[in-house]
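Based on the provided sequences and hints, a complete structural model is requested.
From first to last, the protein sequence lines stand for chains P and G.
Going by this note's numbering, the first sequence opens with residue 7, and the numbers climb by one from there.
Going by this note's numbering, the second sequence opens with residue 820, and the numbers climb by one from there.
It is worth saying that the hints were derived from the structure and are not from the lab.
The beta carbon of each residue, even a glycine, is placed where N, CA and C say it ideally should be.
Any given hint might turn out to be false.
[Said to hold, decoys possible] Each pair of labels, with its calculated beta carbon distance range: (1) Ala1225/G - Pro187/P: 26 to 32 Å; (2) Asp1115/G - Pro164/P: 46 to 52 Å; (3) His1156/G - Cys123/P: 21 to 27 Å.
[Said to hold, decoys possible] Computed footprint of chain P on chain G, listed as stretches where at least three residues anywhere in the stretch have a Cβ under 8 Å from a Cβ of chain P: (4) 1136 to 1143; (5) 1146 to 1158; (6) 1186 to 1198.
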Amino acid sequence: MSQSSLRLKPLTLRINGRSYGPVEVPDDMMLVDVLHEYLGLTGTRFGCGQGVCRACTVIVDDEQGPREVRSCITGAHYFEGKAIRTVEGHAKHGADGGLQELSAVQQAFLDHFSFQCGYCTPGFVNAATVLLERLGKQPARDYEREEVRALVLEALNPHLCRCTGYVRYYQAVEELALKLPNVRVRAAAETPR
Amino acid sequence: MRKRRLKRLILWLALIALAWFALDALVGWWYRRGPAVQVTATPAQIERGRYLVAAADCAACHTADGGAPFAGGVPLASPFGVIHGTNITPDAETGIGRYSADDFFHTITRGEARDGHQLYPAMPYVSYKTIRREDSDAIYAYLMTRPAVKQANLANGVGFPFNIRTGIHAWNLLFAGAQARPASQGESPAWKHGEYLVETLGHCGECHSPRGWLGQVDRSRPLAGNDTLGRIAAPDITPQGLAQRGWDRDALQAYLARGLAAHAVASDEMLKVVNLSTSRLEPDDIGAIATYLLGDRPPAPKALAAADASGDGTPAQSRYFALCAGCHGRDGQGVPHVAPALRGNTSVRDPNPHNLIVAILDGLPEHDLPGLERMQEMPGFADQLSDAQVAELSQWLRARYGGQSAQVSGAQVKGLRESGGEY
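So, in structure tokens, the structure goes:
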């Protein structure tokens, strides 16, 4: 088998609202390695390396809207010219770089004690953010409580957490979903018998 | 006057129809009555039956996912509508509890149930026609000593006029009689044994042979492949077809025993076949299957040409690096227990790009292979790649890793994308 020689290609992308590049990056390098080795953004976790655990999930903002992409199995050059968000991009920071405010999802995860070791958390933060942003853009309507729960489960189900914190992740995201102004859930008393 | 004559005619027709149904009901009742049969069989016979049930892969259609063994309920898609595998446990009311060994042999070889109704040819009685009587009796002994499960058979979704089971008599007359010519040349004992395992018990031709417009197996091209039955095509497994994609005896035996060879991972229906049937067979029997498929004098497996580097730096290669190489490797070498090698992969080398295109569009579920082997889920790319992009990527993969230079058209991808919802 002929091992092709290393080839570099210029890469330009937007990460967390800032432009990076052009930098010369090997043509077959996966995004997670570029984040870690070239950009010093080590918050994105490399888990299984097979696209199964979703710890490496980042957000892509393109014409399909915000969506999850697994950075360990997606080549860096796939993101040429695209805008992405990593876990470093959610909280607000002051001019001195100090933390000002966590995002709603991050705060809810803390409030609910959603995680223990935290390795899967960057992926969960991104998945929950995508779900809430997409849900928030839907036309306002009535939802059944079970329906909201099912949406949360569907969105987060592929993400693995080896400390089995799932339930508290789900509770945190469900609480945020129920607070969205366009998601109206009938109070239990009004529900016809 | 004419009106009256018409009235009389209709009356007569109605009477005849009524008499027909009454007779049918009477005959059915006659055949269905009688006591449940108590079978006594030796442990050796039952054990032989268990083995033959695996070889004939009865469970694939008669055991539903998560359902009781052999209690039926498996939906089988056919061009004529959904047909459900039936309950073949010894329950007297809903299963085969009243069948004698004679009834059983008649049913599986002739396609006629004990109560006289015709089975749809989804039941491979045309293949089982040549089953040996002692093998049928052993299968019968095994099935009749399983726990009886009371579970009514599900209604089939076959539409008019194919739901008139009497019509199957005509179908049988036309198509069930023809004797298949062997798919390969041979005369050794292993070849003859393999022929029985492949053509009769394994009923491989039911999926791997082309079919005509009335669903009949094309006897002139046995095992030459069929891409019209399911979403994933059953490839050509004639000696020439296999050798062209690089298969030899060792690779075939590994694939049948473990669902995994350097060339391929068993997927979809074939994964079920491996898990329920071929992986449970003795090495000698697996060897006989390989001998029959390749013939007594197997054609030399075609060597794979060196990787064609002419596609380097093309958009197709960039797309490969972006979306595929993370699991399948920069050089198509794959990752053990995760993703198969694409270099030399049987679907990449197949002259028919059907399965390669379907895999790219739909992805594949995770694979649970015999033993502790596994392969990870593959995501589908239907929502990310256009027809032209899938065609371009397929063509690049085939040229680079499969020695196939034929054009893959966007129209073919479009067709497969649109037919995806039908399965």
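Exercise for the section: Starting from the hint list further up, note which numbers the structure goes against and sort them upward. Expected result: 1
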